[in-house]
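Novice: So you can see what is in the structure, the chains are spelled out below.
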Amino acid sequence: AQSVTQLDSQVPVFEEAPVELRCNYSSSVSVYLFWYVQYPNQGLQLLLKYLSGSTLVKGINGFEAEFNKSQTSFHLRKPSVHISDTAEYFCAVSESTSGTYKYIFGTGTRLKVLA
Amino acid sequence: NAGVTQTPKFRILKIGQSMTLQCAQDMNHNYMYWYRQDPGMGLKLIYYSVGAGITDKGEVPNGYNVSRSTTEDFPLRLELAAPSQTSVYFCATTGTGDSNSYEQYFGPGTRLTVT
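Protein sequence lines correspond, in order, to chains A and B.
By the count of the working numbering, the first sequence reaches residue 1356 at its end, each step adding exactly one.
By the count of the working numbering, the second sequence reaches residue 116 at its end, each step adding exactly one.
If you're looking for bench data, these hints aren't it; they were derived computationally from the structure.
Because the structure is a prediction, the values reported are computed rather than measured.
By construction, the Cβ of each residue, glycine as well, lies at the ideal position given by its N, Cα and C atoms.
Misleading hints may appear alongside valid ones.
As the list claims (entries may be wrong) - Ranges between beta-carbon positions, derived for each pair: (1) B:N66 to A:L1292: 32 to 38 angstroms; (2) B:R78 to A:L1297: 42 to 48 angstroms; (3) A:K1353 to B:N2: 31 to 37 angstroms.
Stated by the list, open to error - Cut-off 30 angstroms, straight-line C-alpha distance, at most; resulting in silico cross-link-like pairs (DSS-like, lysine-lysine): (4) A:K1310 to A:K1343; (5) A:K1353 to B:K10; (6) A:K1343 to B:K45; (7) B:K45 to B:K58; (8) A:K1353 to A:K1310; (9) B:K58 to B:K15; (10) A:K1299 to A:K1343; (11) A:K1353 to A:K1299; (12) B:K10 to B:K45; (13) A:K1343 to B:K58; (14) A:K1310 to B:K45; (15) A:K1299 to B:K45; (16) B:K58 to B:K10; (17) A:K1343 to B:K10; (18) A:K1310 to A:K1299; (19) B:K45 to B:K15; (20) A:K1353 to B:K45.
Make the full structure from the sequences, and use the hints.
Specialist: Shown next, in the form of structure tokens:
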């Protein structure tokens, strides 16, 4: 069965500092990987996704993530954060071979950017 | 385009009452989903649908029912509300066969309190 682990429930970081939000997954088949962002009192919106091809994926708002198959990881990074990046971030996985389009979400990481 | 819309935004129910959460989409997506989000727990899939007339259970279906009579609408029914159903409910869609395949689009959510 698939699972997604986001080990850090909260990450405080100072403005303009780099940040990495960690995501590890477990699956016996090939997967699609996603990062979503949720601002307070809003729904989730897609930051970036990995379907195939280059393992370094660039998304919106200056975020990027790298798919590492051997370590089953898909960590999210940003070289310089802004106050406006304060939000909750969710990693998600979907099996690419099942055709069922079902998604498993991690428990989320709350990024708090400090002035 | 409105995307994914949900009504109501907020609702307070008494134990044992029933209600229907509405979800509508104008993106002509086949796949629709209902999730619940509890603090620190990420998103849990309640039910999903792969097209009109077809629905299936997710991880946490107990206490809920769904129907999908049209491509656009996917209502979630709560019968005999319980305090354990206090949560934020999100509807989402996924399209297939285009450049945005596999990406989920989320509604703004319905915040439900059962007392």
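Novice: It remains to establish, for every hint, whether it holds in the given structure.
Specialist: Consistency of the hints with the structure:
1. Judged by the Cβ atoms, the range 32 to 38 angstroms given for N66 of chain B and L1292 of chain A holds: they are separated by roughly 33 angstroms.
2. Range check, R78 of chain B to L1297 of chain A: Cβ separation about 44 angstroms, and the 42 to 48 angstroms hint holds.
3. Separation of K1353 of chain A from N2 of chain B is about 33 angstroms and conforms to the stated range, judged on CB atoms against 31 to 37 angstroms.
4. At most 30 angstroms may separate the alpha-carbon atoms for a hinted pair to count; K1310 of chain A and K1343 of chain A meet this at roughly 20 angstroms.
5. Between K1353 of chain A and K10 of chain B, the direct Cα distance comes to roughly 26 angstroms. Compliance with the 30 angstroms bound is thereby established for this hinted pair.
6. Distance restraint check for K1343 of chain A and K45 of chain B: the Cα-Cα separation of roughly 11 angstroms lies within the 30 angstroms cut-off, and the hinted pair is therefore satisfied.
7. Restraint check: the Cα-Cα separation between K45 of chain B and K58 of chain B comes to about 11 angstroms, which is no more than 30 angstroms; the hinted pair holds.
8. Straight-line distance between C-alpha atoms of K1353 of chain A and K1310 of chain A comes to about 29 angstroms, which keeps the hinted pair within the 30 angstroms bound.
9. For the hint linking K58 of chain B to K15 of chain B, the alpha-carbon distance of about 25 angstroms falls within 30 angstroms, and the restraint holds.
10. Of the supplied pair hints, the one linking K1299 of chain A and K1343 of chain A holds, its CA atoms being roughly 23 angstroms apart against a limit of 30 angstroms.
11. This hinted pair checks out: K1353 of chain A and K1299 of chain A have alpha carbons roughly 22 angstroms apart, not beyond 30 angstroms.
12. About 19 angstroms separates the Cα atoms of K10 of chain B and K45 of chain B, which keeps this hinted pair within 30 angstroms; it holds.
13. Between K1343 of chain A and K58 of chain B, the direct Cα distance comes to roughly 11 angstroms. Compliance with the 30 angstroms bound is thereby established for this hinted pair.
14. Note on K1310 of chain A and K45 of chain B: the hinted pairing holds, with a Cα-Cα distance of about 25 angstroms set against a maximum of 30 angstroms.
15. Note on K1299 of chain A and K45 of chain B: the hinted pairing holds, with a Cα-Cα distance of about 27 angstroms set against a maximum of 30 angstroms.
16. A C-alpha spacing of about 24 angstroms is found between K58 of chain B and K10 of chain B, which places the hinted pair at or below 30 angstroms, so the restraint holds.
17. Between the alpha carbons of K1343 of chain A and K10 of chain B the distance comes to roughly 25 angstroms, so the proposed pair stays at or under 30 angstroms and holds.
18. Restraint check for K1310 of chain A and K1299 of chain A: satisfied, since their Cα atoms lie roughly 17 angstroms apart, inside the 30 angstroms limit.
19. The straight-line distance between the Cα atoms of K45 of chain B and K15 of chain B is roughly 23 angstroms, inside the 30 angstroms bound, and the hint therefore holds.
20. Taking the CA atoms of K1353 of chain A and K45 of chain B, the gap is about 24 angstroms. The hint holds against a cut of 30 angstroms.
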